[in-house]
Amino acid sequence: MVFSSLLFVFAFLVICYGLYMMVPGIKARNAVLLLFSLVFYAWGGPSFLILLLLMTFICYLGGRLIQSYAKHKKLWLAGTLILCLGLLGFYKYTGFFLSNLQLLLGFPAVIPQITLPIGISFYTFQLLSYVIDVYRGDVAAQKKYRLLLLYAALFHQCIAGPIIRYSDVNEEILDRRITQADVAKGITRFASGLAKKAVLANGCAAIVADLVEAPADFSGTPVQYLATVSGAGILLAAVCYMLEIYLDFSAYSDMAIGLGLMVGFHYRENFNYPYIADSVTDFWRRWHMSLSGFFRDYVYIPLGGNRVGPWRHIFNLLVVWFLTGLWHGASWNFVLWGLYYFLFLVIEKFVLRLSKKSHGILRGLRTAGTLVIVCFGWMIFYYTDMSMLGTAIAGIFCGNGNPFMDLTVETKLLGNVFFLAVSVLACTPIIPAIGRFFEKRRAEGRSKAAVVVYDAVTAVLPVGLLLLSLLSLVGDSFNPFLYFRF
Amino acid sequence: MKLQSFFLRLRVILFVLCLVGGCVLGFILPLRPTESASEQRTLTPFPSFTFESFWSGEYTSAVNLWYSDTFPFREELIRLNNALRGLYGLKKTTAGSVVGGDTINTDDDFVWETDPVEPDTEPDADTEPGTETSEDPGHEVIEGYLVDGINGYELYSFNKENSNRYAKLVVQTALDLQGKAQVYCIVVPMSYAYGVSPEVQTELGASDCHEAIRYMYSAMAGYGESAGLTTPVVTVDVFDHLADHYDEYIYFRTDHHWTAKGALYTSRVFLDAVGRPYPDTEAYTVQEFTGFTGSLAGHTMQENPSLVRNPDTIYAYVSPTLNTVTITTQGGEVKEIPMVHPDPHSLYSQWSLYRCFIDGDHPLTVAHNEAVGDGSAIVLIKESYGNAFLPALVDSYEYVIAVDYRYLRGKAISDLVDEYGADTVLFLNNPVATSADYNMYWLEKLVKTKPAPKPAETTP
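First to last, the sequence lines map onto chains A and B.
Using numbering that gives the first Met the number 0, you'd call the opening residue of the first sequence number 0 and step up by one each time.
Using numbering that gives the first Met the number 0, you'd call the opening residue of the second sequence number 0 and step up by one each time.
Just chain B, same shape as in the assembly:
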């Protein structure tokens, strides 16, 4: 009886201590985090009081949200929770299917419209890829995915309307730059195209990636011909080339991006196509950054901690002749930064290490390699795949001008071509972006930005 009473008392004391401890912890305001590295977002701030919000209950609801969203040691508790969720079941395969893409028919007729439709209203940024600011390290919405063991794959469903839109925008650029610059296009295959069997791809609703790329290239050829383009867009199909190297860690397992090696192999195919020289791989210094848990890990960690527990290693190829770029931020600041940061762990969390390449997504990134010295220039129209690709070009072009079309405002592509004397424009994009309303909206905005008026020539 005494022992029973003791344990009853112990139960009460332990529980009360736990509650009181949690209460005290909750009120230590300096311990409350303001950012979440794993979710790559700013946490809910304490709400401002207004009578209207108080009366409607919005204020107290926001206080509730702030309290739980910024609870002390949140990241550690989430990590523990994810570890616990790892015990929920047997297999470590997790899938989230995409919902049926459009049928891909490369034999479609591609008729050029002389008055393309103006972009509609800006789509909701929250639901589209590439919605982040330049401060956000490439956090993109993952919808369809597959985690198979320790390998994560982002899936993609082909959207015909946006794919056609993309093809037209590339052709439009080629029309605008006729006689000035040759336009190239590389749509980068996604890792699932190689790592996931066609049967599973179909089951999960993922589109045939290679077929989709072929479609877009056919569309560019068709629209170009229909539009009377005299220097057609040169499309570079790297699918088979990357297939040959798939086992060489050319895609991250925990992130939707490719690795620097994948970018390097692709760059060689491109540079061969344009006839530009490039150094041997041995010339590069390889920097190694361990512990990278990318977007797929973040997206799936609550359901399946396999990716978080098995992080990637970033192998970055640093040019022997140049490791700086000049970026223009969204705020207009212009500054010089490392092209491949030598110590990204000091700047970025484990979730954002891909930012070691040119510090992530900025509207404009320019690499000027005096060692090349022939005045050659290339304008690269990209999303975040281009970040790992840029370093592979700097020994082949004196100027590499990378444009993130999601963020560049007020400058036309032809302005950059004129400014740097570029004779080559490369669209390097991933299929998910080419099928996304948000991305195509901003690409269209960029392509249709009118060039700056030329100053009137004065007669001597």
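Next comes chain A alone, as it looks inside the complex:
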């Protein structure tokens, strides 16, 4: 099941939260959340639920052993990590590993097709962060398996993040308050996320598909089709994909945060308008912050971080970015994507030695430059086949014998100019800035009429966004999140 489906919005959510509000006490409410979370996860195939339950049990046991038998805590930690990462590696990387082995050595003859359980990368990392935090003494081990399972399996974030730290929610698991302000905020957040996904992200995805994906009856290969696409078409597709991936992924985080607020959970932000970053370093402080935070706290810092000599520092960065790329997918293009950012981070830190803040025109130039780098990075991400990537890059410069501009691109651009403008706006902090402006006015007791209008608009906005999303979702049979392969 996905958040951006009619079944989730108009059936699952209503029944789950309706029941949640009716039952008394935190124990019953947690039971409702856990039951519905397991149903939510099992909706994609009950067989994978067993893996989630198993991995949670492994980490539950690991946490209890670390705390109870601290003398051997390294052993318990190692065992837990090996088992969890082993399971992740088996499901996610076996095919990749074996296909490369086959390429190099000619065996095995047959590569088994292993289905990737949905969300495995997210909940594995979430559980590992729990075990490591117990090992470090940052949190106490959870004595009740069902509560740890709630943490891991909670449908808000189980299958597509954010990667929630146990310390952020362990108190709220046992005691949380639902306030009117939180529920209202949560509703707005959820509705915004839903519209971002259903209207904007899906719309951008359709433009990308129309521009660069071969039609069903094309008799040649996808590469041959891509070679016919105009340079402007490839560029427009790259920009739309850049918009799509942010809108898609951040929308899911918005919805997760909104759903949490509605029932008293307060999750951390996962995105901070990454497309206004003025450097690659800044970009990664704003993009998928829960993942970069995980790698920072559990890989980079234990390796020594930046408190080592320059070559060791570079090595640490290389490890982190290699793993970041690999986490995103079992394919060399994702590794290349990770290493691409490694390269730019090294250049920024060691060659350009960029200062943290920039202002004015310099900031504008740096932001533009960062966007170009990021956009190209997304091309590496999108074209999972290296020959497709090469063709796309050549195509931008008309190196495939293709024209730069054609009627298809012209009509696509002009026919979606307002839509794209709204999509770009949704990637900027302009709307929250408007909200902060009116809140400041309210706090100062100024522009009372304008504040009332603002309150009235924000009162009806979620319903408006929900109805817009409904229009987009009707008839859509399936609109998976991009990060579902992770």
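Mixed in with the good hints, there may be bad ones.
Below 25 Å or equal to it, Euclidean Cα-Cα: the simulated SDA-like pairs (lysine to any residue) are [what the hints assert, rightly or not]:
id, chain 1, residue 1, chain 2, residue 2
1, A, K184, B, M0
2, B, K1, A, D181
3, B, K159, A, K184
4, A, K439, B, K159
5, B, K1, A, A213
6, B, K1, A, Q179
Keep in mind that the hints were calculated from the coordinates and are not lab data.
Could you slot chain B onto chain A? The hints should help.
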């Protein structure tokens, strides 16, 4: 503070009401539609439960699909969504290009093969034109298209292999019917050939339609000569004739078909070529059916609602002497129906009004006009363009036997020629079909269907 609290509460109440309302609506099962008129398909049924499908997640996935695919008031919501999409941009021109056709060279050598290759395995029906059953009202896959203002055009890319195949099949028919019937061929030009500039056609990858038609005609001449055909296929080039009348609404704007007027003009060229009489246009009764939004409108409406907002009007020419035909459906049912339905809105949706002509695509449609009374007969091998063409022939032939080669099974062309004593066989096809694997597969099947064995003659 009070006002702020009020608006906060209002936000929550409105949202909850909306969610609960949607939930209740979603569970009112009788409100869930089962067919989509705009998409011309049956909507996803509720899946059957099996343990295997449940365990693999297929069952729940199918439930998800059913829920969204059959949400109440789906058609109205889609219409609203399309209206919203109309606000996405500036210009109302939308294009989907076809991917490069083969080079057209009318000077190719056309050598007849004595043992033509047997048809290969049936191509995937879902990706080919003409995949619908007789219940489907001519829904054909549109790939390349252009919407320019309120005019829609289907585009076509020339496929040399299938075009040669088509030419060979027409020649094969002529060989099989030598001495029995004369074979004619009309490949109908598409509207983009007239309405879209050559530069834009090239940009969108569309082939030169007239050149492609000339190629196929050259191929028929070449193969016929190579095969020793004594009565060559007579090809009728209507391109220039239709060009002269292009401004007279001879093609639909929202649909890939031509109008009855386009069919009528073409029929006159053909009937002049065969030397058959036909009535003046004034003799016909013109019926008008408004609000037709055809295949191009359906295909492009999500991207550009211009065609949906500007529907076509069907002007149908009803013969003064006959307005009934006998159809044989795919299920084998034989029944008499109106040739031009007097009230198609009562039977068909706005998307399917082209079915007013002979109720769409059936394997066999026979018009018998006793008023002609001279025993003349013509066998018409067609796809859906032939539906609007048949009524234009009924005053010139006593029998018009229309065969939709995509659906007729178990009957050879020569069987029909013998049964009705036809001396004329006309292939009336559109270029997209002549370049399509699926269509050529079924045409080949028909052409190679062996005639029924003749009963042994007994001596008196």
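Legend entry - In rising order, the numbers of the hints this structure does not comply with: 3, 4 and 5
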